[in-house]
Amino acid sequence: MKRWLALVLLLVMTGGAFGGSPLPGDSVYQFNTGLTDQNGHVWHWADRRGHVQIVSMFYTSCTMVCPMIVDTMKLTTLALDAKDRSRLDLLLVSFDTTRDTTAVLRNYASLRKLPEPQWTLARTDHAGDIRQIAALLGLQYRQLPDGDFNHSSELVLLDADGRIVARTTVIGRVDPEFVQAVDKTLAVH
Amino acid sequence: MSRLIPIMLLAAGLLPANLLAAGAKGVPAPATGKAGAVSTALVPGDLGVPQGEPIHAVLGIPPNVPPPINRNYPAKVIVELEVVEKEMPISEGVTYTYWTFGGTVPGSFIRVRQGDTVEFHLKNAPDNKMPHNIDLHGVTGPGGGAASSFTAPGHESQFTFKALNAGLYVYHCATAPVGMHVANGMYGLILIEPQEGLPKVDHEYYVMQGDFYTTGKYREKGHQPFDMDAAIAEHPTYVLFNGREGSLTGDHALSAKVGETVRLFVGNGGPNLVSSFHVIGEIFDKVYYEGGTHAQENVQTTLIPAGGAMMAEFRVDVPGTYVLVDHSIFRAFNKGALGMLKVDGPENKAIYSGKEVDSVYLGDRAGDNLHAVAVAAKANASGTLSKDEQIKAGQQLFEGTCSVCHQSNGEGMSGVFPPLAKSDYLAKLSKDRLISIPLHGLTGTVTVNGKDYNSVMPPMSQLTDDEVANILTYVLNSWSNAGGQVSKEEVGKVRAQPAAAGDGH
Amino acid sequence: MRGLIFLASMLWSLVAAAADYVPLPGGVFNSVLPADGQAAPARIASFAMRTEPVTNEQFLSFVLAHPAWRKGEVPPVLADGGYLSHWESAVSLGERALPEQPVTRVSWFAARAFCESEGARLPSWYEWEYAAAADAHRTDARTDPAWRERVLAWYGRTSATSLGAVGGDANVYGVRDLHGLVWEWVDDFNALMVSADSRDQNDADKAKFCGAGALAMQQKENYATLMRVAMLSALKASDTTRNLGFRCVRSP
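Taken in order, these protein sequences are the chains called A, B and C. Quick note: the first sequence uses this note's numbering, first residue 1, plus one each step. Quick note: the second sequence uses this note's numbering, first residue 1, plus one each step. Quick note: the third sequence uses this note's numbering, first residue 1, plus one each step.
Any given hint could turn out to be false.
[Stated by the list, open to error] Stretch by stretch, here's where chain C covers chain B in the computed footprint (C-beta under 8 angstroms, at least three residues):
#1 123-131
#2 198-211
#3 466-474
[Said to hold, decoys possible] Simulated crosslink set (DSS-like; lysine-lysine; CA at most 30 angstroms straight-line):
#4 A:K113 to A:K184
#5 B:K86 to B:K221
#6 A:K184 to B:K162
#7 B:K86 to A:K184
#8 B:K123 to B:K162
#9 B:K493 to C:K71
#10 B:K431 to B:K493
#11 B:K488 to B:K431
#12 B:K257 to B:K200
[To be verified] The following residues of chain C were derived to be distant from chain A, with all beta-carbon distances above 10 angstroms:
#13 D20
#14 A35
#15 D36
#16 I44
#17 F62
#18 A65
#19 P145
#20 R157
#21 N190
#22 A191
#23 L192
#24 Q219
#25 N222
#26 R242
#27 N243
For the record, the hints were derived by calculation from the structure and aren't laboratory data. Heads up, the beta-carbon is just placed ideally off N, CA and C, and yes, glycines get one too.
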C-alpha cells in the first residue's frame, strides 16, 4: 500500500497521474500540503485522489465525542456489503499539532484497533494547514486554554476526485442515508 | 418554549447550499411507498404524503393577502422569500434602513393549507450586509427553521417542514442580535388554513404592528439610524402599522362597501410592545384570538402579544372611515399607530345617525378625506405647487388640527381661543413670527380684535414644513384676512432657529 | 553583527514599503467569545497589524504576481463565483473598483494567500476584536455608547452607496477603518462556534460540538461586536461578498 502511495505521489509530481484528467474545481485537493501518517510516512493531502473515503477530524486526548466519531466510522464500514468494505478508506486528521505525535497516533490506532491500510491517522506541525483542511471540509474547531479542542463532529464522504458528496452529523449510530451515499459512490468508482 | 431548544451551528446552518445540494444528490429521495409505510403512525395534523404537482406559493404584498386555497388535498408548496435590506420612508421626510422579508414591512404574507409540505427557500440578496435566517412560528421543530436557514449575503438556504397546526403565525428573523433584526422590520405572517378552509368573506387584509427606534425624535427629518439604547429601554420613537406612518391612511386606506364582510389578519412583530388593537367605530363579530382555532364574539379591543397574531371578522353596516389604532392611545396619536378602513355605501340612519363624533378624536392624520393634501404633497415634490393647491390642502389640515380650538369658521371661542378670522393680531405679525406660532406654540396674553386672551397653544411639532406652509396660506387667504403665501422653505428656516424668547407680546 | 542588523532593517523597510504595520502590545482581553466558552479572558501576544484594509490596487499587484489567484483561474472550492466580480478583468480594476477602495469579494483562501505573500497572516478573531475595541484615545472604548453608536451606524446604512476609500481616522494604535467600511475576514472564522440559532443560551448540545459545546456569547448589549461574530459565523471559506474584505497581521 505504502509503495503504491509513493508511486502515486511520484506520478502526481510528474503530472502523469489519472491520464492527465484535470482535477475538478470543487475538489478539496485543489489545496495541497504535506501530512504524516501514524507510521511516520510523509505524503500529500492531494495524494488521496483515487480513493473513496470518509474523512473526519479529531484529537487523540479527546474523551468526549472523538471516540464516538471513530466508532461511527467503524459502524458505517460494517453497514456496507463485505465486498465493498475494503474499497472504502478512512482518514482521521488531528487538530492537535503539539500532543498528537506520530507515536501517539500509532499507539491510538493500535489501541482502538484501526487496521492498515484502511485507516490513516494524519498529522502536521503546521496549525495553518489544519485550519485550511477544516475550512475545505466545512468543519469548525477552536483550541481551548487547557489545550483541548472544541470542534464540530461530522463525517464527510469524499469521492475519488475529492468532491464532498455527503456528510452526516449523526454520531454514535449509523446514519442510513449516509451509508446509502457511500454505497452509491463506491458503485460508480 | 420549544423554539428555544438549542440547535447547533451545524451542517444545515453553516454549510453552503451547494454542498447541501451535492449531499442531497448522493441520497436518493425516500420512495413514496416507503414514506407511506412510515405514515401509518401519522402525528396529528399530518395528512400524509403531498399529492399532485408541487405548487409555487403566491405571496401577499401587505396590506393584501393571497387568495384562499380551495384545495382538498395536501400538496408540496414551494415558498421563495428574499431578504432585502433597503432604505424607505418611515414618515414624511424621514427615512430608515429596513431589513425586510420580500422588500416590505411586514414581510410577504404566506398562505398554505394544513397538512401541506412546505419547501422553504430563503434567499439573502447579494448586496445585503447581514446574514439572516427565519423562525416561522408555524413550524414544528427546534428553532422554527432558524438554524436550518442561517444564510450569508449572496446565498440561499432550503429546508422543508410539514404544516401540522392550522392558525395564523408570526415569522421573523432570529439572527443575532435578534432584537435589532426584528426592530428593523424582519417579521411577517404565515396563515395555515384549516383543511376545510376559512369562512368566505368579501375582503381580507394584512396588517402588522411594529415598534421602531430612531436616534432622532418622532418625525425628525432626514435619515434616522437605529437607536440601540432606546430599543433596550423599550422606548420606541414610532409605533406603526405596516412599517410606515400613513401606510394605511388617505389613498392607502383599506376599503369595503356597506353590507360586506371583512377579515383582518393582524400580527404584532414587536420587538417590544404588546398591542391593544382596536378599530374605532366597529365591533369585531369574531376574533380568533392569538391566531388560534377558537373565536370570541363581539369584541371591542383585542390584545396581540409581540410575536403573536389574531384574525378578526366583521360586517360593515355604516359608511364612513373606521380608524385602526393601538388603543394604548398615545401610540396612535404621537407615535403613528393609525390606519383606516373606508366604507362606502348608503347611509343607514337606523343604525347610526351620522354625526361624526370621532372627528375630534382622530387628530391631524385622520381627516375624512386628505385628498387635497395628497395632491399638494405631490405637486410640492414636483415643484408645481400652486397657491390654490396650498389653500385647499391647508383647509383640510386645518380641519384636522386647528379647528378643534379655532373652529372651522376661524372665529375661535370668545375669551378662550382667539379668532383667526379678520384678525388684527395676525395682520400685524411678521412672516417669521407668524410661522413660529404653529412651530413653537404661543403662551401668554395676546390681544386680538380688542379682546385679551391668556391661554396656552402647544407647539404643533408633528406638522411637517409643507403642512405648516399650507395651513398658514389657508388662514391668510380666508375669512377676510389680508392674503399672502407661506412656502415650505420659509417654514424650514424658522424651524431651524430656536424659539424666540418671551412669547406673547 | 552590526551589518546583520542593518540588513534586517533594510529587509524590514522593503516589506514595510508595501504596507504599513503598527505594533500592538499583547494583553488580557474580555472578548465577547470567552476563551473557554464560559468566562475566561483571551490572552493575546503582541503583534503588528496593517493600518488599513488591503485595497484593490494592492490586491491587483498580488494577482499580477500570482496568476493562480486571478479570477477565472481560482477553482470554485477556493473562491465562489462572485470572486472579484466587480473588477473589469482578471488583471485590471475598471470603474467599479477604485484603486484606494478596500478589496472585497475575496474568499478566505485568497485573503490568506495574499497575507502570506507579504510575510503576514490573517488576524485571529481575538486580535481583530482587541484592535477594534479601541477608539482614538482609549484601548478599550466598548462600553462607551458613542463607540457603539458609531459602529452600529454602519450597519444602519444599506450597500446602495459605493464603498469609501481606506484611510479613516486612526485609533489609539494607529489602525484605521476597523469600523465603518467593510467586514473583515479573520483566520479562525470557522472557530466562532456560536449557534446558528442565536437564541440558544448556554444549553448546548454537547454531542454536536466536542468539548465545551457552542460558545456562549457575552456582553449581549454589545451589538456592535456581536454582529461581526454573526456575520463571520455565517460564512464558509470560499464565500465572497460585496462588503467583505480583510487586512493582515504579523507576529514579531
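Structure-based check of each hint:
Taking a C-beta to C-beta cut-off of 8 angstroms, the region 123-131 of chain B contributes 6 residues in contact with chain C, enough for the three needed, and the coverage statement holds. Counting residues of the region 198-211 of chain B whose beta-carbon sits less than 8 angstroms from any beta-carbon of chain C gives 0, not enough to reach three: the coverage restraint is violated. For the region 466-474 of chain B, the proposed coverage by chain C is not satisfied: 0 residues have a C-beta within less than 8 angstroms of a C-beta in that chain, short of the threshold of three. Restraint check for K113 of chain A and K184 of chain A: the C-alpha separation of about 27 angstroms stays at or below 30 angstroms, so the hint holds.
Only pairs whose Cα atoms come within 30 angstroms are accepted, and K86 of chain B paired with K221 of chain B is accepted, the gap being roughly 18 angstroms. Proposed proximity of K184 of chain A and K162 of chain B is supported: the alpha carbons are some 29 angstroms apart, at most 30 angstroms. Between K86 of chain B and K184 of chain A the CA atoms are separated by roughly 46 angstroms; this puts the pair beyond 30 angstroms, and the hint is violated. Among the hinted pairs, K123 of chain B with K162 of chain B is consistent with the structure: their alpha-carbon atoms are about 20 angstroms apart, no more than 30 angstroms.
For the hint linking K493 of chain B to K71 of chain C, the alpha-carbon distance of about 53 angstroms lies beyond 30 angstroms, and the restraint is violated. For the hint linking K431 of chain B to K493 of chain B, the alpha-carbon distance of about 11 angstroms falls within 30 angstroms, and the restraint holds. Of the supplied pair hints, the one linking K488 of chain B and K431 of chain B holds, its CA atoms being roughly 13 angstroms apart against a limit of 30 angstroms. Only pairs whose Cα atoms come within 30 angstroms are accepted, and K257 of chain B paired with K200 of chain B is accepted, the gap being roughly 16 angstroms.
Every beta carbon of chain A lies more than 10 angstroms from that of D20 of chain C, the smallest distance being close to 24 angstroms; the non-interface claim holds. For A35 of chain C, the condition that its CB be more than 10 angstroms from all CB atoms of chain A is violated, with the nearest at approximately 5 angstroms. Residue placement check: D36 of chain C does not keep its beta carbon more than 10 angstroms from all beta carbons of chain A (closest about 5 angstroms). The beta carbon of I44 of chain C sits about 12 angstroms from the closest Cβ of chain A, which is more than 10 angstroms, so the claim that it is off the interface holds.
No beta-carbon of chain A comes within 10 angstroms of the beta-carbon of F62 of chain C; the shortest separation is about 18 angstroms. In this structure A65 of chain C is separated from chain A by more than 10 angstroms, as the shortest Cβ-Cβ distance comes to about 20 angstroms. No Cβ of chain A comes within 10 angstroms of the Cβ of P145 of chain C; the nearest lies about 31 angstroms off, and the non-interface call holds. The non-interface label for R157 of chain C is consistent with chain A: the shortest C-beta to C-beta separation is roughly 30 angstroms, beyond 10 angstroms.
A cut-off of 10 angstroms between C-beta atoms contradicts the statement that N190 of chain C is not in contact with chain A; the least separation is 5 angstroms. Consistency note on A191 of chain C: stated as away from chain A, yet its beta-carbon is not over 10 angstroms from all of that chain's, at 4 angstroms minimum. Listed as outside the interface, L192 of chain C is inconsistent with that label: its C-beta sits roughly 8 angstroms from the nearest C-beta of chain A, within the 10 angstroms cut-off. The claim that Q219 of chain C is not at the interface with chain A holds, since no C-beta of that chain comes within 10 angstroms of its own (minimum 18 angstroms).
At roughly 20 angstroms, the least C-beta separation between N222 of chain C and chain A is larger than 10 angstroms, which holds for a residue marked as non-interface. The claim that R242 of chain C lies off the interface holds: its Cβ sits roughly 21 angstroms from the closest Cβ of chain A, which is beyond the 10 angstroms cut-off. Against chain A, the non-interface label of N243 of chain C holds: every CB pair exceeds 10 angstroms, the least being about 20 angstroms.
When held up to the earlier numbered hints, the structure conflicts with 2, 3, 7, 9, 14, 15, 21, 22, 23 and fits the remainder.
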